[in-house]
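Spelled out from the first residue to the last, the chains are:
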Amino acid sequence: MTAESFWLIAGLLLVLTAASLVSTALQRRALGPNPTLENLDARIRAWWVMASLAVAALLLGAGAVTLLFALISFLALREFFTLSVSRPADHWVLLGVFVLIIPIQYWLVWTEWYGLFTIFIPVWCFLFMPALAVLRGDTTNFLHRIAETQWAVMACVYALSHVPALLTLPIPGFEGKQALLVAFLLVVVQGSDVLQYIAGKLWGRRKLAPSVSPSKTWEGFLGGVAAASLLGMALFWLTPFGPLGALGVALFISLMGALGGLVASAIKRDRRVKDWGQMIEGHGGVLDRMDGVVFAAPVFFHLLRYFAM
Amino acid sequence: MREHGFKRLLRHTAGAGFSGLARLVTGVRPVWQGAAPSGRQRIFFANHASHGDFILLSACLPPSERYRTRPVAAADYWEKTPLRRFVATELFDCVLVEREAGARASDPMAAMLDALDGGSSLIIFPEGTRNTGTEPLPFRSGLYNLATARPHVELVPAFIENMSRVLPKGEFLPVPLLCRVVFGEAVKPEKGEERRAFLDRAREALLALDPRREAGP
Numbered sequence: 001m002t003a004e005s006f007w008l009i010a011g012l013l014l015v016l017t018a019a020s021l022v023s024t025a026l027q028r029r030a031l032g033p034n035p036t037l038e039n040l041d042a043r044i045r046a047w048w049v050m051a052s053l054a055v056a057a058l059l060l061g062a063g064a065v066t067l068l069f070a071l072i073s074f075l076a077l078r079e080f081f082t083l084s085v086s087r088p089a090d091h092w093v094l095l096g097v098f099v100l101i102i103p104i105q106y107w108l109v110w111t112e113w114y115g116l117f118t119i120f121i122p123v124w125c126f127l128f129m130p131a132l133a134v135l136r137g138d139t140t141n142f143l144h145r146i147a148e149t150q151w152a153v154m155a156c157v158y159a160l161s162h163v164p165a166l167l168t169l170p171i172p173g174f175e176g177k178q179a180l181l182v183a184f185l186l187v188v189v190q191g192s193d194v195l196q197y198i199a200g201k202l203w204g205r206r207k208l209a210p211s212v213s214p215s216k217t218w219e220g221f222l223g224g225v226a227a228a229s230l231l232g233m234a235l236f237w238l239t240p241f242g243p244l245g246a247l248g249v250a251l252f253i254s255l256m257g258a259l260g261g262l263v264a265s266a267i268k269r270d271r272r273v274k275d276w277g278q279m280i281e282g283h284g285g286v287l288d289r290m291d292g293v294v295f296a297a298p299v300f301f302h303l304l305r306y307f308a309m
Numbered sequence: 001m002r003e004h005g006f007k008r009l010l011r012h013t014a015g016a017g018f019s020g021l022a023r024l025v026t027g028v029r030p031v032w033q034g035a036a037p038s039g040r041q042r043i044f045f046a047n048h049a050s051h052g053d054f055i056l057l058s059a060c061l062p063p064s065e066r067y068r069t070r071p072v073a074a075a076d077y078w079e080k081t082p083l084r085r086f087v088a089t090e091l092f093d094c095v096l097v098e099r100e101a102g103a104r105a106s107d108p109m110a111a112m113l114d115a116l117d118g119g120s121s122l123i124i125f126p127e128g129t130r131n132t133g134t135e136p137l138p139f140r141s142g143l144y145n146l147a148t149a150r151p152h153v154e155l156v157p158a159f160i161e162n163m164s165r166v167l168p169k170g171e172f173l174p175v176p177l178l179c180r181v182v183f184g185e186a187v188k189p190e191k192g193e194e195r196r197a198f199l200d201r202a203r204e205a206l207l208a209l210d211p212r213r214e215a216g217p
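Residue numbers (the working numbering), protein chains in the order written: chain D, 1 to 309; chain U, 1 to 217.
Hints were generated in silico from the structure; no laboratory data involved. Any given hint could turn out to be false.
[Stated by the list, open to error] Pair ranges (Cβ atoms, derived): (1) D/Leu-230 / U/Ala-14: 53 to 59 Å; (2) U/Leu-83 / D/Ile-104: 47 to 53 Å; (3) D/Pro-122 / U/Ser-38: 36 to 42 Å; (4) D/Phe-174 / U/Val-31: 46 to 52 Å; (5) D/Leu-31 / U/Gly-192: 49 to 55 Å.
[To be verified] The calculated lysine to any residue pairs, modelled on SDA-like cross-linking and capped at a C-alpha distance of 20 Å, are: (6) U/Lys-169 / D/His-302; (7) U/Lys-169 / D/Phe-6; (8) U/Lys-169 / U/Arg-40; (9) U/Lys-188 / U/Arg-40; (10) U/Lys-169 / D/Lys-177; (11) U/Lys-7 / U/Glu-65; (12) U/Lys-169 / D/Lys-274; (13) U/Lys-169 / D/Pro-88; (14) D/Lys-274 / U/Asp-210; (15) U/Lys-169 / D/Ala-209; (16) D/Lys-274 / U/Arg-212; (17) D/Lys-177 / D/Val-15; (18) D/Lys-274 / U/Val-87; (19) U/Lys-169 / D/Val-15; (20) U/Lys-80 / U/Thr-129; (21) U/Lys-169 / D/Pro-35; (22) U/Lys-169 / D/Lys-201; (23) U/Lys-80 / U/Glu-65; (24) U/Lys-169 / U/Glu-127; (25) D/Lys-177 / D/Pro-88; (26) D/Lys-201 / D/Ser-86; (27) D/Lys-274 / D/Ala-209; (28) D/Lys-274 / U/Glu-127; (29) D/Lys-274 / D/Pro-35; (30) D/Lys-274 / U/Gly-27; (31) U/Lys-169 / D/Leu-95; (32) D/Lys-274 / U/Arg-213; (33) U/Lys-169 / U/Arg-68; (34) U/Lys-188 / U/Lys-169.
Note that this is a predicted model, so its numbers are computed, not measured. Yeah, the Cβ is synthetic: ideal placement off N, Cα and C, and Gly gets one too.
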């Protein structure tokens with residue numbers, strides 16, 4: 001284990017332990033059962049599991065990280081398609097997404113075939129999915145069905161596959177340390193989400209977008225993003241950037257993450273559900289946890305490619 | 001009659017295997033809305049759109065209940081080829097009944113009552129066929145006949161969500177989508193209630209469990 005990963009894991013342990021202690025103390029002090037505190041407790045317990053999974057995969061290496069995100073893509077896509085409109089004529093397209101597109105995209109990550117990795121979904125799948133669907137002859141809502149399927153694949157597979165793809169970036173002077181970039185991305189984006197939640201609970205007054213998400217406030221949004229940017233600056237040693245560069249990148253990706261969460265809220269609101277699923281106790285579905293990462297990962301990947309290489 | 005040990009093992013392995021597969025593909029979770037899991041003898045009646053329906057429903061039952069719960073299936077479909085016959089009788093222990101009155105060699109009521117009297121619970125699809133539309137078809141009479149012939153058996157409605165998209169009629173490979181099975185409050189015929197009135201009420205009770213219905217269009 002490198003010094004960087006040692007400090008990272010120690011920091012995570014410290015934060016999670018502190019969170020568990022605070023949550024226990026709050027529950028002791030509360031008179032009777034309190035749903036908000038019970039949800040907070042469930043959330044923190046789920047964070048222990050998720051953080052352990054991420055750390056274990058990162059310690060095991062690129063193969064484990066790639067597999068973990070292929071699995072997350074599968075779970076996220078399953079949640080997405082559950083809420084999408086599809087007709088029996090889409091059966092083969094949907095099946096193809098699960099049994100061909102996910103494995104091929106992550107295989108391209110694993111084999112570091114960058115040229116095909118960037119165009120496989122936006123070019124090849126973009127064209128072949130409607131071509132396969134049209135052969136079944138059902139024209140009802142055709143464009144709507146195809147557009148939804150393509151959006152789902154772009155978000156849940158293409159965008160998410162940029163997380164393990166960080167491990168393949170040949171950044172000069174940073175060889176062999178790319179796992180730290182994955183850690184930086186996840187800590188800043190998920191940290192931004194948690195910090196927005198805290199800032200919103202403490203100071204939230206003005207609604208950010210009441211028709212999309214009634215619980216989000218300007219104070220939470222700006223406070224969370226600002227705090228996450230400072231967190232990113234403090235973690236500059238995980239990146240090839242200096243403190244100021246890391247601040248800029250962290251500001252960018254936590255902003256993207258926050259916007260991703262807002263976009264996901266709009267989709268959920270339109271489909272009249274509160275959460276994408278129920279897999280993660282206290283949080284909802286896998287997509288409820290990954291919506292920010294979906295929007296931040298490709299941007300982070302390309303900022304690194306442009307500025308660090 | 002004592003059951004052959006090997007057949008029993010095969011059936012239990014198939015039951016556990018298919019339930020596991022159903023959970024893996026659909027992440028299925030039971031929602032016990034009006035009824036709780038119990039050891040009582042029951043007839044589960046459900047909407048029907050896919051071959052996966054009864055696998056999904058039995059995956060939601062506790063293992064001991066799963067082994068005593070037998071699906072009622074159409075003999076004219078499941079006896080067409082030796083493979084279908086093997087799957088229906090040996091793997092899933094179906095109660096096979098003739099749907100068409102004219103072609104009947106055996107009485108469907110007798111087969112179902114036999115199974116009930118042997119201590120089994122049943123899964124039946126009162127629409128009588130896999131339905132490709134969005135609204136359930138009118139219920140066939142079997143449900144009413146069973147309810148009046150064996151009043152001590154609970155009739156529990158079970159709404160199966162999304163299975164029609166996981167495995168539509170005519171497909172053989174399932175697409176992974178999240179599914180739920182919503183179990184509602186048991187229904188039984190009122191004193192003097194007519195057949196059609198009861199069947200419509202049972203259908204309404206099943207429809208009311210559709211989670212998307214309350215969410216609106």
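Now the hints, each set against the structure:
1. D/Leu-230 / U/Ala-14: 53 to 59 Å: With Cβ atoms ~58 Å apart, the hint holds.
2. U/Leu-83 / D/Ile-104: 47 to 53 Å: 33 Å, violated
3. D/Pro-122 / U/Ser-38: 36 to 42 Å: Given a distance of about 53 Å, which is not inside 36 to 42 Å, the answer is violated.
4. D/Phe-174 / U/Val-31: 46 to 52 Å: 50 Å, holds
5. D/Leu-31 / U/Gly-192: 49 to 55 Å: Holds - the Cβ-Cβ distance for D/Leu-31 and U/Gly-192, about 53 Å, lies within 49 to 55 Å.
6. U/Lys-169 / D/His-302: With a Cα-Cα distance of about 44 Å, the restraint between U/Lys-169 and D/His-302 is violated, given a limit of 20 Å.
7. U/Lys-169 / D/Phe-6: Violated: U/Lys-169 and D/Phe-6 sit about 54 Å apart, past 20 Å.
8. U/Lys-169 / U/Arg-40: 32 Å, violated
9. U/Lys-188 / U/Arg-40: 15 Å, holds
10. U/Lys-169 / D/Lys-177: Since the Cα atoms of U/Lys-169 and D/Lys-177 sit roughly 51 Å apart, the hinted pair is violated (cutoff 20 Å).
11. U/Lys-7 / U/Glu-65: 18 Å, holds
12. U/Lys-169 / D/Lys-274: The given pair, whose Cα atoms are some 31 Å apart, is violated under the 20 Å limit.
13. U/Lys-169 / D/Pro-88: 8 Å, holds
14. D/Lys-274 / U/Asp-210: 17 Å, holds
15. U/Lys-169 / D/Ala-209: 43 Å, violated
16. D/Lys-274 / U/Arg-212: Given pair D/Lys-274, U/Arg-212 holds - Cα atoms ~13 Å apart, limit 20 Å.
17. D/Lys-177 / D/Val-15: 23 Å, violated
18. D/Lys-274 / U/Val-87: Violated. D/Lys-274 to U/Val-87 sits at ~40 Å, over the 20 Å cutoff.
19. U/Lys-169 / D/Val-15: Violated, at about 51 Å.
20. U/Lys-80 / U/Thr-129: Given that 20 Å is the threshold and the Cα spacing comes to 16 Å, the pair holds.
21. U/Lys-169 / D/Pro-35: Violated, because 43 Å separates the two Cα atoms, which is more than 20 Å.
22. U/Lys-169 / D/Lys-201: 49 Å, violated
23. U/Lys-80 / U/Glu-65: 29 Å, violated
24. U/Lys-169 / U/Glu-127: Holds, at roughly 15 Å.
25. D/Lys-177 / D/Pro-88: Distance of about 46 Å is beyond 20 Å: violated.
26. D/Lys-201 / D/Ser-86: Given pair D/Lys-201, D/Ser-86 is violated - Cα atoms ~38 Å apart, limit 20 Å.
27. D/Lys-274 / D/Ala-209: Holds: D/Lys-274 and D/Ala-209 sit about 16 Å apart, inside 20 Å.
28. D/Lys-274 / U/Glu-127: 32 Å, violated
29. D/Lys-274 / D/Pro-35: Measuring from Cα to Cα gives roughly 16 Å; hence the hint holds.
30. D/Lys-274 / U/Gly-27: Holds - the C-alpha atoms of U/Gly-27 and D/Lys-274 are around 18 Å apart, at most 20 Å.
31. U/Lys-169 / D/Leu-95: 15 Å, holds
32. D/Lys-274 / U/Arg-213: 16 Å, holds
33. U/Lys-169 / U/Arg-68: Given pair U/Lys-169, U/Arg-68 is violated - Cα atoms ~27 Å apart, limit 20 Å.
34. U/Lys-188 / U/Lys-169: Not satisfied, since the Cα-Cα distance of roughly 31 Å exceeds 20 Å.
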